[in-house]
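Engineer: Quick note, the sequences are listed as chains A and B, same order.
Residue numbering for the first sequence follows our numbering, beginning at 1 and increasing consecutively.
Residue numbering for the second sequence follows our numbering, beginning at 1001 and increasing consecutively.
Hints listed in this document are in silico derivations from the structure and should not be mistaken for laboratory results.
Don't take every hint at face value.
[Claimed, not checked] Not everything, but these chain A residues come out facing chain B in the computed CB check (under 7 Å):
hint, residue
1, R31
2, D33
3, A35
4, A41
5, R125
[As the list claims (entries may be wrong)] Derived coverage of chain A by chain B (criterion: at least 3 residues anywhere in the stretch with Cβ under 8 Å from a Cβ of chain B; other residues may be distant):
hint, segment
6, 9-16
7, 136-144
Model, not experiment: these values are computed from the prediction.
Note that CB positions come from ideal geometry on N, CA and C, so glycine has one too.
Take a look at the letters that make up each chain.
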Amino acid sequence: MTTVIWALVVLVSIGVYLSWTAGRLDRLHTRIDAARAALDAQLLRRASVAQEIATAGLLDPAASMVLYRAAHDARQAEEERREVAESELSQTLRAVLADPDQLAGIRSAPGGPAALDELTAAVRRVPMARRFHNDAVRSVRALRRHRAVRWFRLAGRAPFPPAFEMDDEPPELLVVG
Amino acid sequence: MNPPAGPHRPSENTAAPGTDGRPLSIGIVCPYAWDVPGGVQFHVRDLAAHLRRRGHRVSVLTPADDEAELPPGAVSAGRAVPVPYNGSVARLNFGFLSAARVRRWVHDGDFDVLHVHEPAAPSLGLLACWVARGPIVATFHTSNPRSRAMVAAYPLLQPALEKISARIAVSEYARRTLVEHLGGDAVVIPNGVDVDFFARAEPRPEWQGGTIGFIGRIDEPRKGLPVLTRALPRILEEHPGTRLLVAGRGDTEEALKGLEPRVRERVVFLGMIDDEDKARLLSSVDLYVAPNTGGESFGIILVEAMSAGAPVLAGDLDAFARVLDGGAAGELFPTGDAEALAGAAIRLLGDPERRAALRERASRHVRRFDWETVGAEILAVYETVTEGAAAVAAEAAAAGEGDDAPPAGTPRAGGRAGRRR
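Build the full structure now, drawing on both the sequences and the hints.
Structural biologist: Here's what the structure looks like:
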């Protein structure tokens, strides 16, 4: 009789542990979803401001073309080309805004300072959101490597979450000072 | 006043609070006793004040002996227990009673975002992560690479810490410690200082004229006062008129032990001073010396000294070197080296031009630590986190309409929806 009770206790404990771990996993997947939504919102914001600056006649025609193209590509990119397109937008922004005179030109134009402020906020928040996202991804990966999670297939058939890798270095002149 | 619809009540309003300037409801958790002065406590106090000035609703949960002594907007989580932690005695809160209080506060506050400070310390921050649902932002203040307890406790902390949506480290050094111990990543946002408060402070004549300043606990070896007193005799040989002004708690006799009488009489103890006097002291001295030997992750006092216009000479701890812009905004000497400290102090005291140059450079450099800059960055973190949570909650609400699932009030329901996508 005692053996049966003990066996039951062990089984219930295992059950409780597994259900708790499944809860953790579930919460972590929610965290990734939220982080990804935030990252997408920031990337979209950045591309939109960049496009606005490109089309508002604040830059010379050549720079406008280059920036418009990069922002457009970033917004339209398919999921698998997304990281590359967003990195290219970062590089383009750095190239276009590397010149202090260019920047001064934008600032003196009507509507220029507001656009620059928005862009500054966006280029600072993209790396922030990306760090939070990849941090969540790492937490999920760590938990999914646990034996209990693998043996009991607690993660179901959900795909292993990918980190978002991109060049998110902001234009230097926008973040210094 | 209508509280904004947050991720906890996602039914009708799907816009993220905080965006478009809508006020946020923010819960801040301070792990250390409110009535004991300390860097984390001051940071929490100033952050709460700054956020309120910007129109957000803020509630602070903190250990405190006496609820009556707390400022409005702060809630006591009960009496803290003194425990040795991170090289000094910290007063912390733990136990089921505290956890129950934290739970009630989190529930009643219904916050858009919970900002926990020092979540890896065995206190309220950790408890808050444990009981909370919804988005959590955490700031890591310490950087103690040799904290074995933390490494050993890692599996215990993980379930609570993995609820944190966004991690902030107060310095690159604190970030590295964090990454090493807990993995993952964090954004670096420095501690804030009210730069203008220090810049406006009037010097006091009795603290002027060949003075060196030191602020910090006298009897705490890692604050480094012994290094400075060892250097003092040599400084006095070159500049006999120099006085050392020491502000901070501790046994003054113990601090002067082994010093000659002629050196002793050049040391003035001011005891504990308030913020006003601290600012005036910093604006009076000719040199501020930070001889700390370790355990510092940021160095807020250096920012305050620079804001008040005091030329800074500090040990070359990693954190200090970063705050001083690699030595451009203040001079560095090898940590713990009294000879080097004396040499640098003698040179600086005899070179008013160099001091003026340092002052000028520092006054520009400190702007990045001003609350205006720092507060905006922290709010950007809040907004990033609430925006994501609101998006997930909205998705969950949409998914919940299709079947008989209970109303998707908790973000957890969003996770299911997200995974089945």
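Engineer: I'd like to know which numbered hints this structure contradicts. Please list them from smallest to largest.
Structural biologist: Of the numbered hints given earlier, the structure breaks just one, which is hint 6.
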